[in-house]
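Asks: All chains, please: the whole structure from these sequences, using the hints.
Here is what each chain is made of, one letter per residue.
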Amino acid sequence: MAKDRDLPERTSALEWAVALLGAAIIAGTVGFMIRHGLTHPATAPDVVVSPGMPRQVSGGYLVEFTAFNRGNTTAASLTIKGSLTDGNRIIETSEVTLDYLPQRASRTGGLFFQNDPAQHDLSAEAGGYVAP
Amino acid sequence: MTAATSTDLQHSVPDTRKFCAGLGRAFAGALLFSLPMLMTMEMWWLGFTLEPWRISVMLLAMLPLLMGLSRFGGFRRTDRFRDDLADVLVSVLVAAVASTVILFLFSVITTDMPSRQVVGKIAMQMFPASIGAMLARSQMGDTSESDREESEPSYLGELFLMGAGALYLSLNVAPTEEMVLIAFKMSVWQEIGLLVLSLTLMHALVYSVGFRGGTARGGRSFIHVFGRFTCVGYVIVALVSLTVLWLFGRTGASSTEEVLSTVIVLSFPGAIGGAVARLVL
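Those sequence lines, one after another, are chains A and B. Following our numbering, the numbering of the first sequence begins with 1 at its first residue and continues without gaps. Following our numbering, the numbering of the second sequence begins with 1 at its first residue and continues without gaps.
Careful: at least some of the hints might be erroneous.
Said to hold, decoys possible - Simulated crosslink set (SDA-like; lysine to any residue; CA at most 25 angstroms straight-line):
1. A:Lys81 <-> B:Thr49
2. B:Lys18 <-> B:Ala28
3. B:Lys185 <-> A:Val130
4. B:Lys18 <-> A:Leu14
What the hints assert, rightly or not - Now the stretches of chain A that chain B is said to cover, found in silico as 3 or more residues with beta-carbon under 8 angstroms:
5. 22-35
6. 95-104
These are calculated hints, taken from the structure and not from any lab test. Nothing here was measured: the structure is a model prediction, and the numbers come from that model. Built from N, CA and C at the ideal position, the CB exists for glycine as well.
Replies: This is the structure:
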């Protein structure tokens, strides 16, 4: 046995089966990445912010939102700005920064206001981002 | 394959139990090496910020690297291309399974994430994890000292091991913001100082551990070791650092000076890893 171990070993059928799975994984991953790269040309981040219903919380109001990036590039340090307006008059603004909003992904967050958003016009949109 | 049944004196018979033990060891090695990266958020982010072609290049470049490691370490003694290839593919599978399970438990990947993000995050981790899986045998395996003695690598093999050792240490820190930050903070003189320190440490380590017990160094002079191993070794370490920085998209829009100073910073751990490659690999 000791002598046996000094010799280079052959590959068993079982190991080939496991190896084949490994080959499938690497081929699949590379294939997926290349296909994704070809079918999703890098387009600038395109962020859609959808605010939810305002809720009363201790010391003010909370508007939860979902930000979705329709573009094919990640937006880093993305700011989401919410504002309450009455016609041309700005009542209150609130801002939050998302570390990352990956391509075709969504993140949720919340904006706090002192005034009741239900009494004013509420808008929420993306402010700006940096390329990662 | 039936031909293998006829007595083959050149190769030992594969043993299923040994293979399963090797698999277990590979999982342990994958985790040991890649856990720091599985727990690094920059590594997760790279999964979706890196361009798909860059991730593909990384995965494909990983294969020849693993082939080399399989020859010098790996699960078992191999001397044929296809046996090495089998080992490489097994370690890829182990890496993929280990990274997927851990990332899922960490909730870094979830079922409602876009597939591009999930695949990207796993692919990033497959790189370090498969190296760890491949190194498992030499790190915690039953390889006896005499076994290693026999596989004395050539000069080129020695340099390959240095590069792998550099990768081993620098991969842990390469994806972090700190690399670039440290490079920003350093003045030119501090960079030169770090380069000199890297070379000095590398030479001292190559001198003391590169040659077993210092005996094999024999009549080789200071200049000989310094030129052939330390200097060439450092160049390889620097090239490894540059490649890793490029793969991780850290060289993109930076100026040459910026890239150069980041390479010097990353080559510091790389130089130590390269010099002690004989110990860790």
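Asks: So which hints don't hold here, by number, going up?
Replies: none
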